[in-house]
Amino acid sequence: MPIPLSALPCTTLVNSTPQRALRSIAHTARAAKALPFSLHRTCPGSDHEAKVLRMVMFGKPGSGKGTLSSRLVKKYDVLSLSTGDLLRQHIAERTAVGQQAEGIVAQGGLVPDEIMLQVVTGKLDALRNRHWILDGFPRTLNQGKLLDTHLQAQNTPLSLVVNLDVADEVILSRISDRWVHLPSGRIYNMSYNRPKVDGLDDETGEPLAKRPDDNPCAFFVHRLKQFRDSTSPLISYYASKPKSARMVTLHGKTSDEIWPKLEAVVRSSFPNLRERAAARRQHSLSDTFMTGEDAWVS
Numbered sequence: 053m054p055i056p057l058s059a060l061p062c063t064t065l066v067n068s069t070p071q072r073a074l075r076s077i078a079h080t081a082r083a084a085k086a087l088p089f090s091l092h093r094t095c096p097g098s099d100h101e102a103k104v105l106r107m108v109m110f111g112k113p114g115s116g117k118g119t120l121s122s123r124l125v126k127k128y129d130v131l132s133l134s135t136g137d138l139l140r141q142h143i144a145e146r147t148a149v150g151q152q153a154e155g156i157v158a159q160g161g162l163v164p165d166e167i168m169l170q171v172v173t174g175k176l177d178a179l180r181n182r183h184w185i186l187d188g189f190p191r192t193l194n195q196g197k198l199l200d201t202h203l204q205a206q207n208t209p210l211s212l213v214v215n216l217d218v219a220d221e222v223i224l225s226r227i228s229d230r231w232v233h234l235p236s237g238r239i240y241n242m243s244y245n246r247p248k249v250d251g252l253d254d255e256t257g258e259p260l261a262k263r264p265d266d267n268p269c270a271f272f273v274h275r276l277k278q279f280r281d282s283t284s285p286l287i288s289y290y291a292s293k294p295k296s297a298r299m300v301t302l303h304g305k306t307s308d309e310i311w312p313k314l315e316a317v318v319r320s321s322f323p324n325l326r327e328r329a330a331a332r333r334q335h336s337l338s339d340t341f342m343t344g345e346d347a348w349v350s
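The opening position of the sequence shown corresponds to residue 53 in my numbering, with each subsequent residue numbered one higher.
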C-alpha cells in the first residue's frame, strides 16, 4: 500500500544524496524550482507547508450555518463532521466511549465535555492533512479550550473561525417560514428557498414538517438567549487569540448574501483548496456558454 506523504519522515537530501550533489542542487535557484513536490515538502507546522482548512462556524439558531457548510462541502474538497453523527456512530458501534455516552443519553443527561472531546478528536486525529468543518462542537468556552489544547498538541490547530452575525428579527421571520424534511434534514424556506412543490421534499416527494423547536414565540427567543449565554464567551475567547486561528465575522440577512463573503475568505486564506470535480465541470460548462454568448454579442 502506498505510504502517504504525511507518514514520511521530514529528512533532507543529505541522508540520500552525496554531499556534492546536494551542494549543486541547493545552490542552483533554477534547479531548486524544478525539484519535484516530494523534495520541496517541509516538516508539518513549518511556514512553507500548505495551509489546511480546519474550521468551526458559530451562529444563532436559524442563521444559516447548515446551508453555508453544505455549499462549502459541495463545491470544495472539504469534509463536514457532525458531532451528533459521530456520537451516534460510537454508540452504534459499542465503542468504549460510546458505551459511556449511551448510559448518560438514555437517562436524559448531558454528555460530559471530556467524553465529547474523545468522540470528536478520535476522528479529527485521522484527518491530519484533510480540510474539514466541525459542526456542533465546541459550544461552550470550556469545550473550546479543551479542543484547542488537543489540536495544538497534535500540531493541527484550528485555522479559521467564522461567526455569522444575523439580526434576531431576521431569524425569527426566517424560522416562521422554515419547513424541514425530517428524515434527511433538508431545509426549505418559503421566502427564498421554496420547494418545487409546496409542502413536499424535492428529492423524495415526502411531506415537509415544522421542527418542534421552530416556534417563533417565547421558546425560540429562549433558544437565542441560551446561544448568547454559552457562545458569546467562546467567540470572545477566539477573538482574543489573534496569533492562532483567523477569525472573521460575516454579516447578512440570508445565506445567499453571506455565501460570497464566506467563499472569498476561504479562497483567499486557503489557495490550495481544490474544487470538487463536479463543481469544476459546472464552471467549465458555464465558461463555454459565456464564451459563446460573448462571441454572439460581438
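By construction, these hints were calculated from the structure, which means they are not laboratory data. Note that beta-carbon positions come from the ideal geometry of N, C-alpha and C, so glycine has one too. You may find that some hints are simply not true.
Quick list of the computed label-pair ranges, beta carbon to beta carbon [to be verified]:
#: 1; residue 1: Asp281; residue 2: Asp308; range: 16 to 22 Å
#: 2; residue 1: Lys103; residue 2: Gly257; range: 25 to 31 Å
#: 3; residue 1: Glu255; residue 2: Pro323; range: 17 to 23 Å
Cross-link-like lysine-lysine pairs, in silico, BS3-like; alpha carbons within 30 Å at most [said to hold, decoys possible]:
#: 4; residue 1: Lys117; residue 2: Lys197
#: 5; residue 1: Lys277; residue 2: Lys127
#: 6; residue 1: Lys175; residue 2: Lys126
Tell me, which hint numbers fail for this structure? Violated: hints 1, 2, 3 and 5.
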